Amino acid sequence: MQANAFVVAEADGRGGTRLVRLRGEPPLLPRQTGPETVHLVGGAAGPLGGDELRLDIEVGPDARLCLRTVAASIALPGRSGHPSRVTVSVRVAEGGCLRWLPEPLVATGGCHHLASATVELADRASLLWRDELVCGRYAEEPGDATLATSVRYAGRALLRQSLSVGPGAEGWAGPAVLGGAKATGSLLRVGPGVAATPTVLGPTAVKVPLAGPGWLVSATAPDAHTLRGYLADEPPPGAPAPGRAAQP
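Take the sequence shown: its position 43, counting from 1, is numbered 43 in the working numbering, and each next residue is one higher.
In short, the hints are calculated from the structure, not lab data. Note that the structure is predicted; figures quoted are calculated from it, not measured. Do not rely on the hints blindly, as some may be mistaken.
What the hints assert, rightly or not - Estimated spans, in silico, between C-beta atoms of each pair:
id, residue 1, residue 2, range
1, 72, 197, 31 to 41 Å
2, 156, 79, 41 to 51 Å
3, 71, 140, 12 to 22 Å
4, 14, 94, 12 to 22 Å
5, 23, 225, 25 to 35 Å
6, 155, 14, 22 to 32 Å
Positions of the beta carbon are idealized from the N, C-alpha and C atoms, including for glycine.
Given the sequences, and given the hints that come with them, work out the whole structure.
Here it is in structure tokens:
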């Protein structure tokens, strides 16, 4: 299956945002669920092996967009033996803001899944970007999955990271990578004035500053629920700041 989806947001001139383009094909079906919020609804199972899915997102100057999914993405094997591919391309203009907060990707046994995201941020743009991967369903070893993310800010590289799990990725479950954890993910925040002190958030989670206006939380966990606690998009009201400053 091949499918393309497009989400384009522009400032409405009155302090709000309007969606000037919202189009998709199964299984990528974007639906507006709030003034600045879009949810992706899965119109079919998958991604299945052989699927080629692409999502293009554009946020105009001073516009704001939050994009979520209604459920986890379940990467499944296909009869053809070909990999499934999901490609996300993002452009955020000066003063624009994107919050990308999908539910986790589950790499089921036998799958071969490739996910890549390319994000171009103009100067003074803002971004909150979360990725979560669960390695197999309950009591199941994962198939092969690779997640790659590239972020550029004001024309310069800010973050490039890639993770491969499954039988085709040697050492992925060892102590240098997941250390036996079932779930892993990251939360990236970028924007004017964004900075951080290296902070330990838990036994398997840390926040580090980037060489630019941003920080990155990286975490592993025994399950998706624990992982989300490390990668929550907003702390509960009145909650103390988690973690402690990392020792030099």
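A quick look at each hint next to the structure:
1. The supplied range of 31 to 41 Å is met by residue 72 and residue 197, whose beta-carbon atoms lie about 33 Å from each other.
2. One distance hint, 41 to 51 Å for the beta-carbon pair residue 156 and residue 79, holds here, with the actual separation near 44 Å.
3. Separation of residue 71 from residue 140 is about 18 Å and conforms to the stated range, judged on CB atoms against 12 to 22 Å.
4. For the pair residue 14 and residue 94, the supplied restraint of 12 to 22 Å holds, since their beta-carbon distance comes to about 19 Å.
5. About 34 Å separates the C-beta atoms of residue 23 and residue 225, a value consistent with the hinted range of 25 to 35 Å.
6. A beta carbon spacing of about 31 Å between residue 155 and residue 14 agrees with the range 22 to 32 Å that was offered as a hint.
Consistency note: the structure conflicts with none of the earlier hints.
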